[in-house]
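Single-letter residue listing:
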Amino acid sequence: NAGVMQNPRHLVRRRGQEARLRCSPMKGHSHVYWYRQLPEEGLKFMVYLQKENIIDESGMPKERFSAEFPKEGPSILRIQQVVRGDSAAYFCASSPPVGHEQFFGPGTRLTVL
Amino acid sequence: EDKVVQSPLSLVVHEGDTVTLNCSYEVTNFRSLLWYKQEKKAPTFLFMLTSSGIEKKSGRLSSILDKKELSSILNITATQTGDSAIYLCAVEGYGGSQGNLIFGKGTKLSVKP
Numbered sequence: 001n002a003g004v005m006q007n008p009r010h011l012v013r014r015r016g017q018e019a020r021l022r023c024s025p026m027k028g029h030s031h032v033y034w035y036r037q038l039p040e041e042g043l044k045f046m047v048y049l050q051k052e053n054i055i056d057e058s059g060m061p062k063e064r065f066s067a068e069f070p071k072e073g074p075s076i077l078r079i080q081q082v083v084r085g086d087s088a089a090y091f092c093a094s095s096p097p098v099g100h101e102q103f104f105g106p107g108t109r110l111t112v113l
Numbered sequence: 114e115d116k117v118v119q120s121p122l123s124l125v126v127h128e129g130d131t132v133t134l135n136c137s138y139e140v141t142n143f144r145s146l147l148w149y150k151q152e153k154k155a156p157t158f159l160f161m162l163t164s165s166g167i168e169k170k171s172g173r174l175s176s177i178l179d180k181k182e183l184s185s186i187l188n189i190t191a192t193q194t195g196d197s198a199i200y201l202c203a204v205e206g207y208g209g210s211q212g213n214l215i216f217g218k219g220t221k222l223s224v225k226p
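Just so you know, the sequences run in chain order A and B.
My numbering puts the first residue of the first sequence at 1, with every later residue one more than the last.
My numbering puts the first residue of the second sequence at 114, with every later residue one more than the last.
For the record, the hints were derived by calculation from the structure and aren't laboratory data.
Incorrect hints may appear among the rest.
What the hints assert, rightly or not - Some, not all, of what chain A presents toward chain B, calculated at C-beta under 8 Å:
(1) His31
(2) Tyr33
(3) Phe45
(4) Glu52
(5) Ile54
(6) Glu57
(7) Ser58
(8) Met60
(9) Phe103
(10) Phe104
Note that CB positions come from ideal geometry on N, CA and C, so glycine has one too.
Generate coordinates for the entire structure from the input sequences, incorporating the hints supplied.
So, in structure tokens, the structure goes:
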């Protein structure tokens, strides 16, 4: 049973470009969460999605960031017009219905030049 | 504002020592507290605690929740170099914050041979 998969593992973008981060949840998991980890900081919640629904996006910046979890395919975290401050590790987690532990993927390390 | 505070922030011990890591929290409508171990990749799940006073144990690791004191401890006995990692504590609430894990900054444990 494969774990949570994320790709790419490393992504380099220049300022102003778009970054697309992908997350495939564990088999049987229908809930996906995105977190951001800045250097020397803890993991910060960004968004919680179920298939075709955004449940909670309270941690997502209002501009440039969006997330989706379509009926088919992986969840996507999209960052438009990236800036240097977006450089961080972005982790995805998945779970069965809420109330169960979240399992994390290996993360995507985004570097903005 | 909901928050999770871990102590100490870092700890250096020798193999064979026993360590206790602390986590205190303030969260609206507490649901569960989780411990994760993070090496240079994905946080891996250790424990999920929902009830006060019931110890959870896995090998040399154990954890217990005290809802009265709004805190939890993670114990590691007979430490090994492979225990070196960042240990993360996270809390989940009910209602609006359901699914949104609030993480502490972690305790960085270094086990010397």
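Review point. Can you give the numbers of the hints that this structure goes against, from lowest to highest?
Key: 4, 5, 6, 8
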